[in-house]
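Protein chains in written order, with this note's numbering: chain A, 1112 to 1308; chain B, 1112 to 1308.
Just to be clear, a hint being listed does not mean it is correct.
Pairs involving identical chains hold if they fit within one copy or between any two copies, as the list cannot separate such chains.
Derived SDA-like pairs (lysine to any residue); straight-line CA-CA distance at most 25 angstroms [what the hints assert, rightly or not]:
#, residue 1, residue 2
1, Lys1164, Pro1283
2, Lys1154, Arg1233
3, Lys1164, Gly1145
4, Lys1164, Val1188
5, Lys1164, Ala1287
The hints are simulated quantities; they were obtained by calculation from the structure and are not laboratory data.
So you can see what is in the structure, the chains are spelled out below.
Protein chains: 2
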Amino acid sequence: MSGPHPHRDTRTHLIAEGLAAMLRHGYDGVGIGGILAAAEVPKGSFYHFFASKEDFALAVLDAYQAHYAALRRALFVQAERPALDRLNAYLDSLEAMHRAERPLGGCLYGVLAQTAGARGDRVRASLTTIIANWQDDLATLLTEAGAPDPDETAALLIDCYEGALIRAKADPAALAPGFTRLRRLLRTLTEPPLPAH
Amino acid sequence: MSGPHPHRDTRTHLIAEGLAAMLRHGYDGVGIGGILAAAEVPKGSFYHFFASKEDFALAVLDAYQAHYAALRRALFVQAERPALDRLNAYLDSLEAMHRAERPLGGCLYGVLAQTAGARGDRVRASLTTIIANWQDDLATLLTEAGAPDPDETAALLIDCYEGALIRAKADPAALAPGFTRLRRLLRTLTEPPLPAH
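Turn these sequences into a full structure, and let the hints guide you.
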């Protein structure tokens, strides 16, 4: 039997604290000192795992995207369910997750993209790749659903999701209507084209 | 003849510096010290105009929304042009403005909504009101254009715009495709409903 992995636990713990802080304050509003205090981890330990704040942000971003990619895999691969049902279940899961957040954190991609400190080339490239993979996953399912323009529709769903979360961070009451709009948009854009008259 | 208004100029100057800094770094990433240094204004002068960083952010937000509200008024009131042409001209203006930004600042509403420091009740209430007014202006024009569901469509356009700017801040090459999606969405959602078969 292998024992616990204290190093790995510390790293995971730092990443969890970093995620919570970055969702609330943005990249530029987060100091390593605050993360260390919240995680009760000494400075040397942080630099054992992460060479810089940018490396840390990249690790937080990677853990975050892995969580969401796993959610998509779990829901999207259920081949016995109609593809549109799977997409709606995915929207339901996202809404339930955001409803449970106190305070509402929104989407790390949106938060990191907004603040310039995070716009070093590596963070920007990582965000761009992550969003492209997300869009590909949605487009694959939309293709299966027979949507007329899967890639375009996937891109619109992502834009609307990010925009709805921005509003909800200003006004939590806007969260539910935002998801209602997203579901209607999905319905509108996946309707088969009507035959020409 | 009245002379110049040095006080007013200092206030305007501080707001311009604050806007540039907040667009890049978010609310939590902006320090008053940095604003004062960039504006070459002494500390006492800042506190002559603004009681706190939150008051300052509210003033920046107000100046920003006034600029965009004026753009909408100028374009939306041209009653001789079809309403959809006016909406497309509005999207063209927004795209041209963002294309000219170096670096791309995106939308202050999105940036401020994302970072928790700005989520004091007053900033959140101001953001919520500003977005509601924006949505009302768009819905009025969409009603004139005969769109089937003006308020819902206005809300979707705002969500998609904010989401498209998030992507563009990660990857400037995403700006033009984002606006192309926005124009197509406008076209799709303003098509008159087809008669039932």
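Now the hints, each set against the structure:
1. In the homo-oligomer, the alpha carbons of Lys1164 and Pro1283 lie at most 25 angstroms apart only across protomers (23 angstroms), although the nearest pairing inside one protomer, at 30 angstroms, exceeds that limit.
2. Proximity of Lys1154 and Arg1233 under a CA criterion of 25 angstroms is satisfied intra-copy only: 24 angstroms inside one chain copy versus 36 angstroms between copies.
3. In this assembly of identical chains, the alpha carbons of Lys1164 and Gly1145 lie at most 25 angstroms apart whether taken from the same copy (12 angstroms) or from different copies (21 angstroms).
4. In this homomeric assembly, Lys1164 and Val1188 never come within 25 angstroms of each other (Cα to Cα): the closest approach is 36 angstroms inside a single copy and 49 angstroms across copies.
5. Taking CA atoms no more than 25 angstroms apart as the test, Lys1164 paired with Ala1287 passes in neither setting, with 34 angstroms inside one copy and 31 angstroms between copies.
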